[in-house]
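Colleague: Chains as they are written, first to last, in numbering that gives the first Met the number 0: chain R, 0 to 224; chain G, 0 to 224.
For the record, the hints were derived by calculation from the structure and aren't laboratory data. Careful: at least some of the hints might be erroneous.
Using 27 angstroms as the maximum straight-line C-alpha spacing, the simulated DSS-like pairs for lysine-lysine come out as follows [unchecked claim]: (1) R/K142 to G/K50; (2) R/K142 to G/K205; (3) R/K50 to G/K142.
Chain by chain, the residues:
Number of protein chains: 2
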Amino acid sequence: MTMPARLPVITTYRWVPPFARGLVRELRARWAFEEVGIAYRVELIDHPYAKSEAHRRFQPFGQIPTYSDGAVEIFESGAIALHIARQGSGLLPEDPAAQARAVQWLIAALNSIEPFVMDLAVVDVFEAGEDWSRARRPTVERKLRERLQDLSAALGGREFLDDAFSVGDLMMVSVLRGVDRTDILADYPNLADYRARCEARPAFRKALADHLAPYVDADAPSAVA
Amino acid sequence: MTMPARLPVITTYRWVPPFARGLVRELRARWAFEEVGIAYRVELIDHPYAKSEAHRRFQPFGQIPTYSDGAVEIFESGAIALHIARQGSGLLPEDPAAQARAVQWLIAALNSIEPFVMDLAVVDVFEAGEDWSRARRPTVERKLRERLQDLSAALGGREFLDDAFSVGDLMMVSVLRGVDRTDILADYPNLADYRARCEARPAFRKALADHLAPYVDADAPSAVA
């Protein structure tokens, strides 16, 4: 652990359309900061700037979030959440075997669940107008449900994916939120309960409120003379 | 770091079809073991066993690889490669900022590149017979190419994604191998060179040979009387 040179700064979009609110990936970093109790600053950027050379020096894919504390500069919400987890306590167990499992669940969220969640979002949102989306949807939903069924079986009756809440749960719940425009999660009651349990944490509620605040302000009608 | 209770064991499939050879994800773990010089053992399992309750206790999605050393038991090739990297030297820089960047590239490979590589594999291989696959292919290839273009720009003229070869390069090259049935990578010469450079490492060559060996044996004609 190195001491950051200054307050960590993360970037996110100044404005996103309503369907994306609560899903933008800087929320994952905010949640991690709140869980470990590290103060941070947010830099709101516009979409054109995200695609600029200046921003791509920190995020080659022209996306958000990025993390910078003057010593460490990284992108990828998974890497950022893991880095924040390592700076404080509460998100990574000290026992090395349990710590390896927390990292495993974080990566499972990003590589074994999120691609299937995103695939359904492509069908329902990003390519909703394409003929092929209607034809593919049953297959895409079936594959996602297979993963959710497996995850539900792995969770069983436990409170969290492992013995205690970790950065793995933080990432898994962040990913599960991506099916919100559907009723799918309700078919896996233990996953729905697990999600609600994690979202009831004060750290999540604070992070979500702070995440939503700029969009509320941005949408407020301007003062009219 | 805890001392493993015994030689680490990873699981992989006893047999896979020819198109999957060289792409099965236990190769990532083999490569990591070879880079850090840790001896390991491989347990070959059959596909039905992978889907059994017994195996799902270690891998909820009924897949491979799993890693077990008697102290740590994990799944997800990304988590396994990172865990192996932490057990030895050569895959994770000691400088904390550079270490965070290596983890960032590992996660970028798994979350920002692999979903697009897999999407093209779905179109070309797993759902090749579906009408929608032909219609979708140009869109899917375009999105993959956007990511490869960004990655190519990020790599620039450098030898590796950061100053020295790391577990981030190991994972990125493992993911890039997934477009091998196409000529796409040749359109990004610095990525093609980067991939060749990493694959020329003795650790990769040993890992690949060991990965392929069981399949050669499995396909050998039985002795005929």
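Colleague: State for each hint whether it applies.
Modeller: To see whether the hints hold, each was checked on the structure:
1. Only pairs whose Cα atoms come within 27 angstroms are accepted, and R/K142 paired with G/K50 is accepted, the gap being roughly 15 angstroms.
2. Using a Cα cut-off of 27 angstroms, the hinted pair R/K142 and G/K205 is violated, with the two alpha carbons roughly 35 angstroms apart.
3. Our distance criterion of 27 angstroms between C-alpha atoms is met by R/K50 and G/K142, whose separation comes to about 15 angstroms.
Violated hint: 2 only; the structure is consistent with all others.
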